[in-house]
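Could you put together the complete structure from these sequences and hints?
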Amino acid sequence: MNLIRMKGVNKQYKNGVTAIYDLDLTIEKGDFVFIIGSTGCGKSTLIKMLYREEKPTRGKIIVGGLDVAKLRNGKVYKLRRKLGVVFQDFKLLQKLTVYENVAFALEVLGLPKSEIHEKVLKVLDLVGLKNKAKHYPTELSGGEQQRVAIARAIVNGPKLLICDEPTGNLDETTSMEIMKVLEEINKLGTTIIMVTHDTNIVALMQKRVILLDSGRILKDYEKGTYVHEGV
Amino acid sequence: MKAFRILSRNIRDSFKSVFRNFALSLASISCITITLIVVSLAIILTYNVNNFASLVEKDVTIVAFLDVDITDEETDKVEEKIKELDNIDSYIFRSKQEITDEMMESSDIFDSIMSEWSDEENPLQATFQVKVVDIEKIGDVADEIKKIENVSIVKYGEGMVEQMVSVFDSIKNVSFVIVIALVLVTAFLISNTIKITIFSRRREIEIMRLVGASNINIKIPFILEGLFLGLIGSIIPVLSTIYGYSAIYKKFGGQVFTPIIQLIKPEPFMYFVSLALVEIGILVGMFGSWRAVKKHLKI
Ligand SMILES: Nc1ncnc2c1ncn2[C@@H]1O[C@H](COP(=O)(O)OP(=O)(O)OP(=O)(O)O)[C@@H](O)[C@H]1O
Ligand SMILES: [Mg+2]
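Note that the protein sequences, when read in sequence, are chains A and B. So the first sequence is numbered by the working numbering: it starts at 1 and just counts up by one. So the second sequence is numbered by the working numbering: it starts at 232 and just counts up by one.
No lab work stands behind these hints, which were simulated from the structure alone. Treat the hints with caution; some may be incorrect.
Simulated restraints on C-beta separations [said to hold, decoys possible]:
# : chain 1 : residue 1 : chain 2 : residue 2 : range
1 : A       : Asn-131   : B       : Asn-446   : 49 to 59 Å
2 : B       : Phe-503   : A       : Lys-159   : 53 to 63 Å
3 : A       : Gly-8     : B       : Ala-234   : 31 to 41 Å
4 : A       : Lys-159   : B       : Arg-434   : 20 to 30 Å
Remember, predicted model here, so these are calculated numbers, not experimental data. Here a beta-carbon is modelled for each residue, glycine too, at the ideal position from N, C-alpha and C.
Structural data, given as structure tokens:
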């Protein structure tokens with residue numbers, strides 16, 4: 001079954017810039033998909049429409065059975081509960097500990113304390129940060145902070161994890177650690193869409209790769225067929 | 232259960248927020264405090280003035296003086312006519328003799344002069360003292376009575392009543408305008424406080440949206456913060472209303488200058504006023520924060 005279906009999607013920003021042209025795309029449940037392309041080609045715009053940060057100007061977008069293009073502002077939270085989002089800049093709350101940062105995502109949904117406790121510990125274990133639960137973000141390395149952000153994004157057990165350049169601020173080894181965590185999460189059944197500039201990682205991972213160019217899909221590499229240009 | 236957990240979390244958060252930006256909150260709270268003290272004074276004043284006005288109105292009487300040489304039959308006719316008029320509450324008749332006796336009793340000078348008068352010489356006039364139901368139409372009733380045969384002069388507190396009512400009205404209006412102005416300034420200040428809270432918690436709001444908190448859930452803490460500012464701001468006004476009014480009442484013994492001007496009893500009056508203050512504080516606080524949320528929390 002398709003988790004994501006986009007058909008004839010167009011996105012023109014208010015200033016007249018068209019970031020996505022007439023795009024068709026389907027993504028299967030359980031997939032791991034990279035989205036690559038040069039700066040400004042519309043990668044972030046594409047995924048922003050998936051979590052309804054932006055609305056398409058035209059076209060149809062279905063995510064997990066929800067008609068995202070038609071979703072009213074007041075209902076966006078329903079979509080957000082089905083997915084997790086991770087960014088290059090982590091977006092952690094500096095005044096909260098690792099544990100509290102992750103628990104935050106469940107507290108705002110009104111889960112009982114005991115359930116929160118259980119879920120947070122489990123997910124911290126998954127990203128390998130159980131021993132840093134009481135630390136504050138400033139006491140962590142970039143890679144560790146990103147793992148906290150990932151933990152927060154998946155603590156509620158979403159079907160889909162969207163990552164916008166999650167390794168953009170990290171060095172090569174740390175990036176690979178993050179990729180291992182993501183792969184682990186993917187193996188547990190979560191669909192992952194990851195935007196990146198790092199074609200080395202993409203070449204290493206051998207997943208489905210979508211190459212965007214000026215708002216259009218230039219190439220859609222099947223799993224295991226991506227070759228790093230220049231390698 | 233879930234909604235309750237979210238709410239209690241929101242309450243905790245907004246309470247914390249009040250103290251996190253304490254300097255700012257203090258400005259809003261002081262403004263609410265001042266506003267509510269003025270509101271309290273205005274309410275107390277207005278109610279007391281109204282109370283006093285109605286007491287005075289109850290006391291206003293039309294006095295119809297009868298001709299000096301009126302006969303008993305003619306007096307009966309006057310009484311009949313007065314009875315037939317609309318808007319009459321009650322009346323009493325006071326004969327020449329009664330008035331004379333009363334005056335003689337009240338002072339020795341009158342006594343010595345009046346005791347010499349024979350009935351024909353007595354220049355005093357018998358009167359009907361009439362109370363009306365609707366005080367605003369007292370003038371009409373007086374005019375009607377004036378038309379009755381053998382009635383020579385009709386008097387009521389002409390002008391006095393109207394004057395007093397208009398003075399009270401202007402006191403009410405002025406305090407109303409002041410209260411409205413203060414409320415607006417306060418709402419603006421609170422709105423500003425909440426705006427700053429919203430900006431200082433931008434990241435938190437962003438994350439709440441990302442992880443699927445509903446819009447109302449995101450907005451409630453800021454509205455609650457306004458509510459708390461209003462609530463905290465009403466503490467001093469409520470205490471000063473309760474203690475202040477009781478003290479004033481005690482000091483004046485329930486009346487100001489003359490026994491006519493009666494103060495309203497502190498209980499339960501001051502509790503009603505306090506309740507009104509708390510309600511106004513909360514409403515102003517929530518209105519201010521609602522405006523800030525509407526303007527600055529676009530989600
Ligand atoms: N909010 C916006 N308003 C107007 N134009 C925008 C907005 N966001 C993006 N754009 C434009 O849309 C185009 C695509 O932007 P987008 O952020 O999707 O690119 P990207 O592929 O993510 O780039 P990068 O690799 O640098 O992150 C660019 O030309 C950009 O200037
Ligand atoms: Mg981008």
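Against the structure, the hints:
With their beta carbons about 37 Å apart, Asn-131/A and Asn-446/B fall outside the hinted range of 49 to 59 Å. For Phe-503/B and Lys-159/A, the hinted distance range of 53 to 63 Å is satisfied, since their beta carbons lie about 57 Å from each other. The given range of 31 to 41 Å is respected by Gly-8/A and Ala-234/B, whose C-beta atoms sit roughly 40 Å from each other. Taking the beta carbon of each, Lys-159/A and Arg-434/B are about 26 Å apart, inside 20 to 30 Å as hinted.
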